[in-house]
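Going line by line, the protein sequences match chains A and B.
Take the first sequence: its position 150, counted from the start at 1, is 150 in the UniProt record's numbering, and no numbers get skipped.
Take the second sequence: its position 33, counted from the start at 1, is 33 in the UniProt record's numbering, and no numbers get skipped.
None of these hints come from the bench; they were simulated from the model.
Certain hints may be false.
Said to hold, decoys possible - Simulated DEER-style distance windows between Cβ atoms: (1) A:Phe258 / B:Lys141: 46 to 54 Å; (2) B:Glu58 / A:Glu237: 32 to 40 Å; (3) A:Leu37 / B:Ser56: 55 to 63 Å; (4) A:Glu237 / B:Ala278: 40 to 48 Å; (5) B:His108 / A:Asp120: 52 to 60 Å; (6) B:Lys96 / A:Asp36: 17 to 25 Å; (7) A:Gly121 / B:Met163: 22 to 30 Å; (8) A:Phe286 / B:Met163: 46 to 54 Å; (9) A:Phe286 / B:Glu58: 38 to 46 Å; (10) A:Thr123 / B:Asn52: 43 to 51 Å.
No residue lacks a Cβ here, since even glycine has one placed at the ideal position from N, Cα and C.
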Amino acid sequence: MKKYTYTEKKDTRSGFGAGLHEAGKRNENVVALCADLVGSLKMDAFIKDFPERFVQVGIAEANMMGIAAGLTINGKIPFTGTFANFSTGRVYDQIRQSIAYSNKNVKICASHAGLTLGEDGATHQILEDIGLMKMLPGMVVINPCDYNQTKAATLAIMEYEGPVYLRFGRPVIPVFTPEDQKFEIGKAWMVNEGTDVTIIATGHMVWRAIEAGEKLAELGIDAEIINIHTIKPLDEEAILKSVKKTGCVVTCEEHNKFGGLGESVARLLTTTYLAPQEFVAVNDSFGESATPDQLMTKYKLDPSDIVAAAQKVMKRKV
Amino acid sequence: MKHSISELEDIASQVRRDCLRMVHAVQSGHPGASLGCADFFTALYFEVLNHNPKFSMEGVGEDLFFLSNGHISPVWYSVLARSGYFEVSELATFRKLDSRLQGHPTTHEGLPGVRIASGSLGQGLSVAIGAALAKKIDGDKGLVYALMGDGELQEGQNWEALMFAPFHKVDNLIASVDYNGQQIDGPTEKVLSLENLQAKFEAFGWHVITSDGNDMAEITKALHYAKSLTGKGKPILNLMSTQMGYGVDFMVGTHKWHGSAPSDAQLETALGQLKETAGDY
């Protein structure tokens, strides 16, 4: 282990802001919309340089999704920005009919996903959004793991034709992926090769999986760590290749255990290659107010929870 | 004028026949407001809209139309077919397996003329605003038209959109409301009253005009007038009075034909009241 280190901490939403600004420079069809959360979504640089391509819609997310769908018709590439809760559950039918079913090239960019939103509490901490979005036919679902990956993902979805859900978060966390990485939608990133257990993680849980891997190494367990940034379409080949080698898997996500990455992996394994799996995820619960770290501990999303899950799943190997 | 008023009335009569025959054939669909809006659609597509039936999704330089109350798909499909977007014979596939003419309009099956799915109500005005903004960004002089039902205005998203468009000076947009006063469960004033719609729209900052949507001369004139009001800093709202079921005596003015199909005998009676002017499909 010790393959990855970090020198600084940044928030993934700033990666989005930087990516959006760069996207605006690269393609004049890129437009951005926001529902009264410009600062939270780090859209300031884009707005400063491209004011004519920014639409402030006010606190009206349903209207924002519809306007975004309409903007695509003349070939615009709209990026909508608000919190994950208001990007999905609040506007599910607008996304379903006007974007997904209509196959519109809208990029739904969602910050403050999961428990790490912190003190605002459960009204704002959506833990169901991956499930909601992955169930929509044709929707691409991406949950990058750090600043650099979020920036790269933002640029990659600009190039992709079709609806995308891009999920990121509020807290500052380690930056550990390469600055110049090539982001391939639907392609897993091998974080660390190992032989004893496959740990599959997405979003903020990837760094925690790396920390867990270091603890497992101290215990003599050689964990393979895979970053699944694209939950849909899932990189089935990479997952199967790893699980066939290790014989067991732990999935890690800052999301309800129902409907998330873990269930996508379980569906893959039950239909192709049976292997025991443990879920590190929120146990069908809403969140609450506290600091992000306190919440990650209480809801069992810490590196120690990943270590325990790895030990447990290895005992179930046949 | 591309057509005389009587020519447009003849087209609308054929469109009404199409609507009834489509709904009758599959014993499902929404004839009431389809009949009520036949004059509007005919005036729009045959007289007012700058459009190309050799359809492109982008419609660069063209006027675009968005239907928010997608359940009146029969009248839109008929007018699209009759103005050359696809063969009139395809109307016979309405609501049948593997058809491009889905119960509610969609882009999913690639039907020419349709740019967004609609059916779940209250979403069309937002989409039309987005398309209008895109035209403004591109310096595209084409206009954007939208039609909403009046009952549909009970959906909150409309009011988000109604607030947005005047504030952002979306003045290349002409939205019409099919003001027939009826919805599935009864008259709108009994289900959830819309109260003074004109005052509400004006308070939100729209330039409101009123029209009789079942008088071909008047609706044509109103749409031309609406066009003359574009580019002056305000979106335009055409509050268009219609009667559900207009053109068939036993269907007119009641919500009972909102989503019910006529029987064989009722179809025969109804068709007897509507001149076949361009050949049934």
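(message) When the structure is checked against the list of hints, which entries are broken? Sort them ascending.
(response) Hint check: 3, 4, 5, 6 and 8 fail, others pass.
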